[in-house]
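Protein chains: 2
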Amino acid sequence: MGTKSPRVPLSRERALATAVALADAEGIQALTMRRLAAELGVEAMSLYYHLPGKEGLLDGLADTVLGEIEAAVRRTGTIGVDEDWRTRLRQRFLSAREVMLRHPWAPALLGSRPTIPASVYTYYDGIVATMIGGGFSYRLAHRAVHAFGSLALGFAQEIFRPASAGGQTDVEVAEADLAAMAEALPSLAAMIATEAHAMSDPTLGWCDSQVEFEFTLDLLLDGLERARDRGASPHSR
Amino acid sequence: MGTKSPRVPLSRERALATAVALADAEGIQALTMRRLAAELGVEAMSLYYHLPGKEGLLDGLADTVLGEIEAAVRRTGTIGVDEDWRTRLRQRFLSAREVMLRHPWAPALLGSRPTIPASVYTYYDGIVATMIGGGFSYRLAHRAVHAFGSLALGFAQEIFRPASAGGQTDVEVAEADLAAMAEALPSLAAMIATEAHAMSDPTLGWCDSQVEFEFTLDLLLDGLERARDRGASPHSR
DNA sequence: TATGGTTACCTTACGTCGTAAGGCAGTACG
DNA sequence: CGTACTGCCTTACGACGTAAGGTAACCATA
Numbered sequence: 002m003g004t005k006s007p008r009v010p011l012s013r014e015r016a017l018a019t020a021v022a023l024a025d026a027e028g029i030q031a032l033t034m035r036r037l038a039a040e041l042g043v044e045a046m047s048l049y050y051h052l053p054g055k056e057g058l059l060d061g062l063a064d065t066v067l068g069e070i071e072a073a074v075r076r077t078g079t080i081g082v083d084e085d086w087r088t089r090l091r092q093r094f095l096s097a098r099e100v101m102l103r104h105p106w107a108p109a110l111l112g113s114r115p116t117i118p119a120s121v122y123t124y125y126d127g128i129v130a131t132m133i134g135g136g137f138s139y140r141l142a143h144r145a146v147h148a149f150g151s152l153a154l155g156f157a158q159e160i161f162r163p164a165s166a167g168g169q170t171d172v173e174v175a176e177a178d179l180a181a182m183a184e185a186l187p188s189l190a191a192m193i194a195t196e197a198h199a200m201s202d203p204t205l206g207w208c209d210s211q212v213e214f215e216f217t218l219d220l221l222l223d224g225l226e227r228a229r230d231r232g233a234s235p236h237s238r
Numbered sequence: 002m003g004t005k006s007p008r009v010p011l012s013r014e015r016a017l018a019t020a021v022a023l024a025d026a027e028g029i030q031a032l033t034m035r036r037l038a039a040e041l042g043v044e045a046m047s048l049y050y051h052l053p054g055k056e057g058l059l060d061g062l063a064d065t066v067l068g069e070i071e072a073a074v075r076r077t078g079t080i081g082v083d084e085d086w087r088t089r090l091r092q093r094f095l096s097a098r099e100v101m102l103r104h105p106w107a108p109a110l111l112g113s114r115p116t117i118p119a120s121v122y123t124y125y126d127g128i129v130a131t132m133i134g135g136g137f138s139y140r141l142a143h144r145a146v147h148a149f150g151s152l153a154l155g156f157a158q159e160i161f162r163p164a165s166a167g168g169q170t171d172v173e174v175a176e177a178d179l180a181a182m183a184e185a186l187p188s189l190a191a192m193i194a195t196e197a198h199a200m201s202d203p204t205l206g207w208c209d210s211q212v213e214f215e216f217t218l219d220l221l222l223d224g225l226e227r228a229r230d231r232g233a234s235p236h237s238r
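Going line by line, the protein sequences match chains Y and B.
Oh and the first sequence: position 198 is 199 in this note's numbering, straight run, nothing missing.
Oh and the second sequence: position 211 is 212 in this note's numbering, straight run, nothing missing.
Since the hints were derived computationally from the structure, they do not count as laboratory data.
Glycine included, each C-beta is placed from N, C-alpha and C at the ideal position.
You may find that some hints are simply not true.
Stated by the list, open to error - Just some of the chain Y residues that point at chain B, by a computed CB distance under 8 Å:
| # | residue |
| --- | --- |
| 1 | Ala-72 |
| 2 | Ala-73 |
| 3 | Val-74 |
| 4 | Arg-75 |
| 5 | Arg-91 |
| 6 | Val-100 |
| 7 | Ala-109 |
| 8 | Leu-110 |
| 9 | Ala-119 |
| 10 | Tyr-139 |
| 11 | Val-146 |
| 12 | Phe-149 |
| 13 | Phe-214 |
| 14 | Leu-221 |
| 15 | Ala-228 |
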């Protein structure tokens, strides 16, 4: 023992791991630069050599959580590869939920990032890939992504936001470097390309969130009505 | 002319209205006590005579937004009274969405309140009442409330939260003063009473969020599968 | 008309936050 | 043997929420 002098020399990874632990233990509001530094046996300003600032720390937290989710998905996924789309999606969402229950602050954090983290796109790429593999059209996969909403990652405000309130971000990401994302996010890129191409009115952008909202609404109302007429649970087949 | 001396003497209502306008115009992060006071031609500490503090201000904002929603619901609702449950729910959700689009900060605000505002319960009471009137069981109405999730008010983290992470709030509200809420929220109270009574394992509380989550998941997957097999939109009938 | 209390606003100040600016030891390499 | 760089530290600034207490206007009562 001898807790003086940083034997482990402090790094972005160590800082992020400690930040996750601190947020888990005492809530996200306890996660301040000074407090995190103290937890690491260090002064606040030292963190700035490994993190670009508080916002950068939060972005790193978001990526860390998404990484946990991907790891959990892969873990349960390896048991039965080549499952059908339905069990694959179920595994994905249930794994995500498990991780989110471990980190109750994570959904709000993801929803509060001013720009959507790349790891979130990766996550959605997996969803779209699964659906395309399950025989869904790109259009329906797109609608499904909206319909899942908060089931997927526990937050959902973006459904209400018309693509970052100004035709920025989403649309720009899509149109500007669609080619660049094609390799990292093949399914998502293909979906966006297809949807943008099929758009009747291109002035609206490739995604009319009002239409998606109503689609989801009808999907749920239909399902509930059917459940009412049958008696209890879903599982139509 | 003559901007000096408060001709309008400042009040909770004026403060809240100005706060909404400020958040709309410059984002929720611009809403500080000093800034809001300046907007009202007053010093920061003067606000404390009409509001209990920053948290109280945010609670007031939440209630204000919910009030706007209820007003919008009533406005569209008066056109065709005695509609069926489906159009009534559609009107409700679309009205809520309209209001949320006017106040993009509102979903995150609602999701961040440490205790759920009473006006939110009122809103959900209306949903349950409509569903019961539409021939749904209390059980199914309960599941529907979970399934709607972020469709209803644009936020959804509570689905991931096991009743405020400790068996507090929700359950306590339910069991402690269930009788007290019965008059203000008759449908919600009846639903909770019924569900709590039908609970097989009372140690879990009256609501197992994992079960609700999986119900919603299957509801969506069923609906999407049906949409895939048919070709396009929902509307089964 | 004088007086004491209440109301509504203000001033000052404290502790906490994120972080800019710069200091100062070690280590690495010419 | 410098000397430049790295990694951590100290100090300080402005903005935040708000506790404590001051002050001026109003208003009922004597």
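With 8 Å as the cut and Cβ atoms as the points, is Y/Arg-75 at the interface with chain B?
violated (20 Å)
Under the criterion of a CB-CB separation shorter than 8 Å, is Y/Phe-149 in contact with chain B as hinted?
holds (7 Å)
With 8 Å as the cut and Cβ atoms as the points, is Y/Tyr-139 at the interface with chain B?
With a closest approach of 12 Å, the Y/Tyr-139 hint is violated.
Evaluation of the interface hint that places Y/Arg-91 against chain B, nearest CB under 8 Å
Holds - the Cβ of Y/Arg-91 comes within 8 Å of chain B, reaching about 6 Å at its closest.
For the hint on Y/Phe-214, just tell me whether its beta-carbon gets within less than 8 Å of chain B.
holds (6 Å)
Against chain B, with CB atoms and a cut of 8 Å, does the hint on Y/Val-146 hold up?
violated (11 Å)
With a cut-off of 8 Å, does the beta carbon of Y/Ala-73 approach a beta carbon of chain B closely enough for the hint to hold?
violated (15 Å)
Taking the least C-beta to C-beta distance, is Y/Leu-221 closer than 8 Å to chain B?
holds (6 Å)
Does the nearest C-beta of chain B fall within a distance shorter than 8 Å of the C-beta of Y/Ala-109?
Holds, about 6 Å.
Using the nearest Cβ pair, does Y/Val-100 come within less than 8 Å of chain B?
violated (10 Å)
Hint check: is the beta carbon of Y/Ala-228 less than 8 Å from a beta carbon of chain B?
Holds, about 6 Å.
Does Y/Leu-110 hold up as a contact with chain B if the rule is Cβ-Cβ below 8 Å?
Status violated, d = 10 Å.
Hint compliance for this structure: hints 1, 2, 3, 4, 6, 8, 9, 10, 11 are broken, all remaining hints hold.
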